[in-house]
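Participant: Chain order of the listed sequences is A and B.
The first sequence begins at 6 in the working numbering and counts up by one.
The second sequence begins at 209 in the working numbering and counts up by one.
Note that these hints are calculated values from the structure, not bench results.
Don't take every hint at face value.
Unchecked claim - Distance condition first, Cα-Cα at most 25 Å in a straight line; then the derived DSS-like pairs of lysine-lysine: (1) K410/A / K391/B; (2) K392/B / K410/A; (3) K332/B / K365/B.
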Amino acid sequence: MGNDQAKKDLKIILFLCSWGPHAAFQQLQDKDCRIPAQVKMVRIPCSGRVSKALLFKPFEMGADGVALIGCGSGACRYGVGSITAERNTADTRRILDLLGLSRKRLRLAAFSPEDPQGLLDFLNDFVEEVAAIGKSPVQRPSKPEQPADSKAVIKEIIQKHDVYACQDCGKCSSACSLTLAGKQYSPRAMANAIIGGKLDDPQVQKDVWACLTCGICYDRCPSAVNFPEFIRDVRAVLKSSNGNGNEAHGGFFGSLARTMTSPELKGRHWHWLPEDIKTDAQSKVLFFGGCAPYFDVFFKNHLAPATLDSLKDSLRLLNFFDVHPILLDDERCCGHDLLWTGDRENFLKLAKLNIEAIAESGAEEVIVSCPEGYRTFVKDYPEAGLEMPFKVTHIHEFLEREISKGSVGFKPLDKKITFQDSCRLSRHMEMTDSARKLINRLAPESFTEMQDSGAGAICCGNCGWSGCDSFSKALQVKRLRQAKETQGDLLVTSCPKCQVHLRCAMQDPFFGKDLEIEMMDLTSVMAKTICWE
Amino acid sequence: MQKLEVIITGFGGQGIVLAGRILGQAASLGDHKESTLIQSYGPESRGGACSAQVIISDGTINYPYVRQPDILAAMSQAGFDKFVDQVRPEGFILIDQDLVKPKGLDRDYFAVPSTRMAEELGRKMMANIIMIGFITAVTQASTLEATRETVTKSVPKGTEEMNIKAFSKGYDYGLSLLKARDKKASGQSGALA
Ligand code: SF4
Ligand code: SF4
Ligand code: SF4
Chain A
6 MGNDQAKKDL KIILFLCSWG PHAAFQQLQD KDCRIPAQVK MVRIPCSGRV
56 SKALLFKPFE MGADGVALIG CGSGACRYGV GSITAERNTA DTRRILDLLG
106 LSRKRLRLAA FSPEDPQGLL DFLNDFVEEV AAIGKSPVQR PSKPEQPADS
156 KAVIKEIIQK HDVYACQDCG KCSSACSLTL AGKQYSPRAM ANAIIGGKLD
206 DPQVQKDVWA CLTCGICYDR CPSAVNFPEF IRDVRAVLKS SNGNGNEAHG
256 GFFGSLARTM TSPELKGRHW HWLPEDIKTD AQSKVLFFGG CAPYFDVFFK
306 NHLAPATLDS LKDSLRLLNF FDVHPILLDD ERCCGHDLLW TGDRENFLKL
356 AKLNIEAIAE SGAEEVIVSC PEGYRTFVKD YPEAGLEMPF KVTHIHEFLE
406 REISKGSVGF KPLDKKITFQ DSCRLSRHME MTDSARKLIN RLAPESFTEM
456 QDSGAGAICC GNCGWSGCDS FSKALQVKRL RQAKETQGDL LVTSCPKCQV
506 HLRCAMQDPF FGKDLEIEMM DLTSVMAKTI CWE
Chain B
209 MQKLEVIITG FGGQGIVLAG RILGQAASLG DHKESTLIQS YGPESRGGAC
259 SAQVIISDGT INYPYVRQPD ILAAMSQAGF DKFVDQVRPE GFILIDQDLV
309 KPKGLDRDYF AVPSTRMAEE LGRKMMANII MIGFITAVTQ ASTLEATRET
359 VTKSVPKGTE EMNIKAFSKG YDYGLSLLKA RDKKASGQSG ALA
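All chains, please: the whole structure from these sequences, using the hints.
Facilitator: What follows is the structure in structure tokens.
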């Protein structure tokens with residue numbers, strides 16, 4: 006009985022292509038067939054038009070299953086719809102697996118108008134299968150609360166970051182990568198407009214979401230106006246009044262992070278771990294990897310970013326030094342992107358869940374390899390008033406600590422290298438040296454800095470999966486050109502997202518092979534060459 | 209009964225005698241063993257050859273001079289040349305790798321760049337403390353806790369922290385070296401299997 010009730014409560018979204026399958030569906034309706042009541046149908050133009058973000062969205066909203074039904078390969082009116090749908094479904098299923106939601110909750114099928122019975126059987130069977138897995142543990146994420154008096158809140162934010170101290174000197178604008186890339190955009194103008202109460206001005210609203218929060222302006226500002234953090238807080242106010250975050254990739258990564266705020270969700274974050282990597286649940290050290298596994302799946306078809314390598318290689322380096330860390334299988338996103346796109350409420354949920362899980366593991370030290378995760382743990386969790394009963398170390402610091410003990414050397418590396426600073430490490434955390442110390446221990450053919458490096462480095466053109474536009478592309482192109490100008494053949498990075506975004510620009514068909522350069526995370530370069538002496 | 213005969217050798221001014229005293233004191237006061245120290249200088253104390261002879265034993269020590277060292281720690285070429293042949297076949301030979309070239313030596317030895325490390329720490333004077341850390345890690349003649357403690361008590365007030373840093377450098381280097389040997393022996397020399 007209880008089981009029947011649970012089955013009745015299931016929510017299943019059916020994306021149904023308007024062509025063949027819909028005709029079949031209509032026949033079922035015409036004949037008054039019993040289409041399972043759990044199924045809510047959404048008509049779509051073509052199965053290939055349902056992006057990964059759209060396929061995933063229902064899961065964020067608490068759906069228990071999603072079916073995408075299109076026309077058979079070869080019968081698609083738009084040509085490649087079926088193939089695209091196949092790819093998107095396969096990737097999204099892998100992501101569901103990583104999340105611990107089970108790939109079986111998502112199905113792709115094709116039906117022709119001649120096969121209404123087949124469609125009905127499919128739907129019944131799918132409902133049975135989803136019922137067997139059970140209801141989704143995902144709870145519909147909360148919407149940020151709108152402040153009663155947003156004007157007063159904005160005023161507070163201005164005060165908190167002392168934006169009044171702006172001297173209107175323009176140093177920020179003349180350093181801002183976006184302005185330099187030709188965008189009609191000025192941080193100081195935006196700041197002054199917000200001070201002047203013009204938050205509702207359409208240009209201001211646009212600009213608030215355009216800023217990359219890369220922090221060059223803050224680095225240059227004589228009044229120390231922390232522009233990125235100011236923008237971040239303003240975004241939180243805008244978001245609560247339904248602001249559009251200018252999200253890249255249909256908002257997929259925001260959805261993903263919000264899904265993870267469900268406490269009941271038990272992820273399978275590390276199920277891809279190679280067998281040679283040693284971990285130990287009793288260890289005092291925990292490795293926090295971040296979202297790289299999702300990037301690898303999401304971009305695999307067009308970017309093949311291999312950001313997972315940075316995790317594997319970080320773990321191999323820990324193992325090299327006999328650290329067999331704890332891994333949390335239900336590790337969640339650190340919340341960085343939610344925080345920086347104004348979703349404070351869900352950021353806090355993630356933060357609390359992460360801290361709780363780590364504290365429960367008994368770890369005394371958490372090693373983080375992702376720069377965003379590092380900043381979030383070290384700065385933003387404590388600033389949000391959260392207490393952490395463990396210390397947090399960036400993998401670069403850990404490596405330097407171990408290597409400096411001695412007896413470790415590096416095999417020659419047959420590459421001319423250059424280095425891409427990540428904004429979170431270099432500017433936000435003032436850690437321009439840590440990576441360079443490690444690089445200087447390596448034995449490459451040469452190491453040449455790019456024209457802009459360290460605290461002045463050009464960013465990868467995107468942050469928090471928001472604000473990607475033609476100007477961020479221009480930035481990326483400029484950055485890759487600088488990398489090529491060093492005559493280097495290996496661009497060493499320290500952030501998985503730099504890998505993704507710069508690789509994206511490299512694949513711009515207009516540039517052909519002009520911008521191509523091999524890229525590898527610093528941890529991978531080290532793992533490849535480190536040896537006991 | 210276990211007995212260890214140790215010679216630390218180098219030039220006058222390197223803190224060789226202090227090193228010997230710390231080692232012996234750590235073993236006796238910290239680890240509750242017996243120990244003796246004999247120091248000998250060459251013709252002139254500064255810059256000349258110099259050595260400290262330490263004996264550490266579980267029981268009573270009747271004769272304080274070293275006959276056949278179990279451990280030789282050499283911080284000068286002259287000291288090394290003088291004592292190296294006396295070391296027991298299963299004993300330890302430790303050298304400062306920048307000051308001693310173990311030419312013609314056909315047995316195992318352990319090298320540490322203690323002078324260079326001390327320079328990196330900003331005080332060349334601390335090479336002896338680095339060497340003590342190294343001896344402790346490699347030979348376990350005295351325990352880590354006892355030796356650390358003795359270093360703190362034996363150095364001038366106000367320099368404790370610096371000296372402990374130096375001691376840890378030598379100690380960590382020693383452990384790292386032992387680990388490197390183990391790893392290489394087991395065929396695991398890099399991070400990628
Ligand atoms: S650099 Fe600072 S003081 Fe100058 S205009 Fe920009 S925000 Fe104002
Ligand atoms: S944070 Fe970066 S993108 Fe935003 S205004 Fe400052 S320099 Fe420009
Ligand atoms: S740069 Fe490429 S990968 Fe990055 S957000 Fe923009 S489109 Fe996506």
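Participant: Compare the structure with each hint and give your call.
Facilitator: Comparing the hints with the structure gives:
1. K410/A / K391/B: 16 Å, holds
2. K392/B / K410/A: Satisfied, since the Cα-Cα distance of roughly 17 Å is no more than 25 Å.
3. K332/B / K365/B: 18 Å, holds
When the structure is compared with the earlier hints, no violation turns up for any of them.
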